[in-house]
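Enquirer: Listed here are the chains, written in short residue letters.
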Amino acid sequence: VSRRAHGELEAEVQAVLWAASTPLTATQVQAELGSPLATTTVSTILTRLVEKGLAVRSQVPGSRAFRYAPAQERAEHAADQMRAFLDSVEERRAVLAHFLGRLTTAERRALRDLLRRR
Amino acid sequence: VSQPWLTALTGAAVLSAFAMTVKHWTRQLRPGDAVRALAMLSMAVTLAGLATLLMLALPLVGQSDLIDDRAHWSEAVFRRINESGQGLAILAAAAVGLAALRVFRVILSCRRARVAANALCTDLGAAAGDTVIVRSPHRDAMAISSGIIVMTDALVRDLNVEQRRAVIAHERSHLSHDHHRYLQLGLLIAAANPLLRTVPDALAFLVERWADEDAARATSRATTAAALERLAHPQKTQHPSVLIAIRAAATAVEDRLAALRTPTRPVRVVGVLSPALLAIASIAIACLVAEHTVDLFRLAVTAGHRFGMHPWRHHTQMIGARRFQ
Chain A
247 VSRRAHGELE
257 AEVQAVLWAA
267 STPLTATQVQ
277 AELGSPLATT
287 TVSTILTRLV
297 EKGLAVRSQV
307 PGSRAFRYAP
317 AQERAEHAAD
327 QMRAFLDSVE
337 ERRAVLAHFL
347 GRLTTAERRA
357 LRDLLRRR
Chain B
2 VSQPWLTALT
12 GAAVLSAFAM
22 TVKHWTRQLR
32 PGDAVRALAM
42 LSMAVTLAGL
52 ATLLMLALPL
62 VGQSDLIDDR
72 AHWSEAVFRR
82 INESGQGLAI
92 LAAAAVGLAA
102 LRVFRVILSC
112 RRARVAANAL
122 CTDLGAAAGD
132 TVIVRSPHRD
142 AMAISSGIIV
152 MTDALVRDLN
162 VEQRRAVIAH
172 ERSHLSHDHH
182 RYLQLGLLIA
192 AANPLLRTVP
202 DALAFLVERW
212 ADEDAARATS
222 RATTAAALER
232 LAHPQKTQHP
242 SVLIAIRAAA
252 TAVEDRLAAL
262 RTPTRPVRVV
272 GVLSPALLAI
282 ASIAIACLVA
292 EHTVDLFRLA
302 VTAGHRFGMH
312 PWRHHTQMIG
322 ARRFQ
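Protein chains in written order, with the numbering used here: chain A, 247 to 364; chain B, 2 to 326.
Extracted from the complex, chain A is given alone in its bound form (with noise of 0.2 Å):
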């Protein structure tokens, strides 16, 4: 697996632990991505998440399984800077050209109201 795909599924497993209620295990995630991964995989991409602070991790109790949540209060601290940011710049046009999304010009004023009106 390249690192690109790396990132991307990173990004994925990401996604389904947030999507998810509860804390899911490996097994759990890899059947969420419904893709032919092996779990091993899986678990390795968990621990990476966990490593770098994107995922908690807490032992399943009376076994040796891990189960995975979002690490929600990092989420909470970005969208603080993500705001203060936003807030901060002067050139929009110019920073903006390094905020790519769906979003247009139009779109991307808002997004600055939309984070600081949480």
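Hint data in this document are derived by calculation from the structure and do not stem from the laboratory.
Quick caveat: nothing in here was measured; it's all calculated off a predicted structure.
We treat Cβ as the ideally placed atom computed from N, Cα and C, and that holds for glycine.
There's no promise every hint is true.
[As the list claims (entries may be wrong)] Quick partial rundown of chain A residues pointing at chain B, CB under 8 Å, derived from the structure:
1) Glu-254
2) Trp-264
3) Ala-265
4) Thr-268
5) Glu-297
6) Lys-298
7) Glu-322
[What the hints assert, rightly or not] Just so you have them, the derived chain A footprint on chain B, three or more residues with Cβ under 8 Å:
8) 128-136
9) 148-158
10) 161-167
Guided by the hints, dock chain B onto chain A, whose structure is given.
Expert: Chain B alone, transformed into the frame defined by chain A:
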């Protein structure tokens, strides 16, 4: 001798035609090709335009006392040939100066923006290739040029696995094809040439289409359209002012949805030819003006030479000899 002001007007007309037809012809091409073609052609016509303006402004240099004293160019010849063109030369010089100033400002702000985007990624504790999920009640996703994807938790919860895969592939496409560089180039082009101010928005739309097509290849056209639709619809929780902004942008999203729902069309020749012809026309105009300018200088030099004042007599004769061989 051609009329320089007529040439300049024609040039402006060609550039305006180029800018006005951008939206039309770029949609005849595959988005990736369209982005590259638009970036290259608008850069070519911008450079040709700047070259034209510079050459129109050159007679000012020939007339200045400083240069004239040293080169012994015939000031009288310049004055006679260029009596009508003097105003134009001043205008052209002013336009070049203004363009240089605007380009410089864009370069500075792009650099500051890059530093700021990198600092944000450091603050987020993320490295290139990472995806950060942000807690927000609004469905949103974006790619930061430093190599990071940001998605809101609301979006993630709202989409199924395949649709999320489409969003991730879309954002990855922005990063792997360096789409922000095209957007920056668009800003530079619009700064250098206000006649091309439609180019940045056209590029912004086209890079989204490019990423949509990559997402469609990674998943399917229907899945990508479904994911985009989930993103496009304004949510009830949003503030009125935000809704207005989103409504203004809604047409672009509708266009992207329509493009995803139609199967890929064959590339039409007209889509390739019309912008190419316009670019060739503007470069031809630059060449015409160049010839005019060269003629003007040659005449002035020859006149100065005839009065026996030219210190580079030998050199001038060499040029003359080479030309008439």
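Enquirer: Please go over all the hints and tell whether each is borne out by the structure.
Expert: Here is how each hint holds up against the structure:
1. Glu-254: holds, 6 Å
2. Trp-264: Holds: closest Cβ of chain B sits about 4 Å from Trp-264(A), inside 8 Å.
3. Ala-265: holds, 5 Å
4. Thr-268: violated, 14 Å
5. Glu-297: violated, 12 Å
6. Lys-298: holds, 7 Å
7. Glu-322: holds, 5 Å
8. 128-136: holds (count 7)
9. 148-158: holds (count 6)
10. 161-167: Coverage by chain A holds for the stretch 161-167 of chain B (3 residues, Cβ < 8 Å).
Violated hints, in rising order: 4 and 5; the structure is consistent with all others.
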